[in-house]
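Quick note, the sequences are listed as chains A and B, same order.
Read in numbering that gives the first Met the number 0, the first sequence has 102 at position 103, and its numbers run on one by one without any break.
Read in numbering that gives the first Met the number 0, the second sequence has 136 at position 137, and its numbers run on one by one without any break.
Accuracy of the hints is not assured; some may be wrong.
Pairs involving identical chains hold if they fit within one copy or between any two copies, as the list cannot separate such chains.
To be verified - Only pairs whose alpha carbons sit at most 30 Å apart, straight line, appear in this in silico DSBU-like list of lysine-lysine:
1. Lys143 x Lys93
2. Lys122 x Lys87
3. Lys136 x Lys93
4. Lys93 x Lys77
5. Lys136 x Lys123
6. Lys93 x Lys122
7. Lys122 x Lys136
8. Lys50 x Lys123
9. Lys143 x Lys122
10. Lys136 x Lys50
11. Lys93 x Lys50
None of these hints come from the bench; they were simulated from the model.
Here the structure is a predicted model, which means the values were calculated and not measured.
There are 2 protein chains.
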Amino acid sequence: MKTLMQSAIIAVTGVALSGGVVSAQNEADRGQIEAVIESYATALNASDTDKVMRLYRTDGVFMPQHSPSSIGAEAVRKAYDRVFKAIKLDVDFKIEEIVQIAPNWAFVRTNSAGFVTINATGKKAPEANQELFIFQKSDNNMWKIARYIFSTTNPPRQ
Amino acid sequence: MKTLMQSAIIAVTGVALSGGVVSAQNEADRGQIEAVIESYATALNASDTDKVMRLYRTDGVFMPQHSPSSIGAEAVRKAYDRVFKAIKLDVDFKIEEIVQIAPNWAFVRTNSAGFVTINATGKKAPEANQELFIFQKSDNNMWKIARYIFSTTNPPRQ
Numbered sequence: 000m001k002t003l004m005q006s007a008i009i010a011v012t013g014v015a016l017s018g019g020v021v022s023a024q025n026e027a028d029r030g031q032i033e034a035v036i037e038s039y040a041t042a043l044n045a046s047d048t049d050k051v052m053r054l055y056r057t058d059g060v061f062m063p064q065h066s067p068s069s070i071g072a073e074a075v076r077k078a079y080d081r082v083f084k085a086i087k088l089d090v091d092f093k094i095e096e097i098v099q100i101a102p103n104w105a106f107v108r109t110n111s112a113g114f115v116t117i118n119a120t121g122k123k124a125p126e127a128n129q130e131l132f133i134f135q136k137s138d139n140n141m142w143k144i145a146r147y148i149f150s151t152t153n154p155p156r157q
Numbered sequence: 000m001k002t003l004m005q006s007a008i009i010a011v012t013g014v015a016l017s018g019g020v021v022s023a024q025n026e027a028d029r030g031q032i033e034a035v036i037e038s039y040a041t042a043l044n045a046s047d048t049d050k051v052m053r054l055y056r057t058d059g060v061f062m063p064q065h066s067p068s069s070i071g072a073e074a075v076r077k078a079y080d081r082v083f084k085a086i087k088l089d090v091d092f093k094i095e096e097i098v099q100i101a102p103n104w105a106f107v108r109t110n111s112a113g114f115v116t117i118n119a120t121g122k123k124a125p126e127a128n129q130e131l132f133i134f135q136k137s138d139n140n141m142w143k144i145a146r147y148i149f150s151t152t153n154p155p156r157q
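Start from the sequences, fold in the hints, and give me the full structure.
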């Protein structure tokens with residue numbers, strides 16, 4: 000839990016759509032997906048597990064660095080609770096690409112950067128990560144996080 | 000015999016396919032994707048960049064922990080060269096799920112475990128990671144790695 004994640008203001012710039020099918024509907028989908036990423040960043044920076052959980056599918060998988068994959072809502076919730084107990088994040092997300100693969104599926108690649116504070120010590124350090132989200136549109140037409148993994152882009156701490 | 004065969008097929012396909020479209024073609028696709036994962040593991044353990052590169056799309060993205068994302072074949076090649084210069088891997092991959100999202104797209108979630116040897120020191124240590132691959136079927140009908148990210152599942156090294 001030493002190195003971790005991300006958050007707030009979304010720089011919606013330079014979005015590359017490689018291989019995705021582009022249409023008016025897809026533009027609406029893209030907007031909804033961007034909104035989820037923005038909400039996710041806000042929830043992370045607020046250490047708000049409930050808000051995070053509303054963005055995930057119930058069968059979602061969270062793959063945080065330094066922890067085994069958390070599969071399904073109960074495990075995902077526990078993992079975020081652990082994260083937020085350990086650290087406080089203050090990070091911004093930059094969307095690098097949104098690729099809609101199918102009417103109900105898309106993936107999003109992002110980078111995030113900012114600061115992490117270790118709650119136990121109050122020590123604050125720079126934080127930078129890369130992320131890959133797989134989104135699935137749910138029955139109620141809401142795009143939700145189906146799979147999510149990140150890793151630090153910083154060199155190993157000495 | 001028929002029943003036995005059907006049972007065998009059902010057993011083999013008992014992998015969680017959440018939201019994916021299941022068909023005979025998809026079973027063929029699944030087999031090809033599994034073969035790529037197997038080849039990838041072999042290439043990693045052999046520190047063979049050329050072999051790795053044959054498994055990636057030319058527009059593929061490699062997102063290794065502790066490095067910025069490498070975008071496109073030239074950057075991906077350099078990244079693997081750096082990895083293989085620094086470490087020697089001896090790991091096995093376990094496929095946790097293969098989800099085919101569209102005729103030409105799938106994602107694969109895996110875990111890998113084994114050992115890593117630091118080339119500079121000869122020091123060997125346990126290694127365990129989680130991985131998320133996004134696969135795209137190329138024009139020549141070959142499934143290739145389009146996006147790939149991993150992170151350690153071990154706690155931070157002290």
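Task: Structure versus earlier hints - violations, ascending order - done: Violated: hints 5, 7 and 9.
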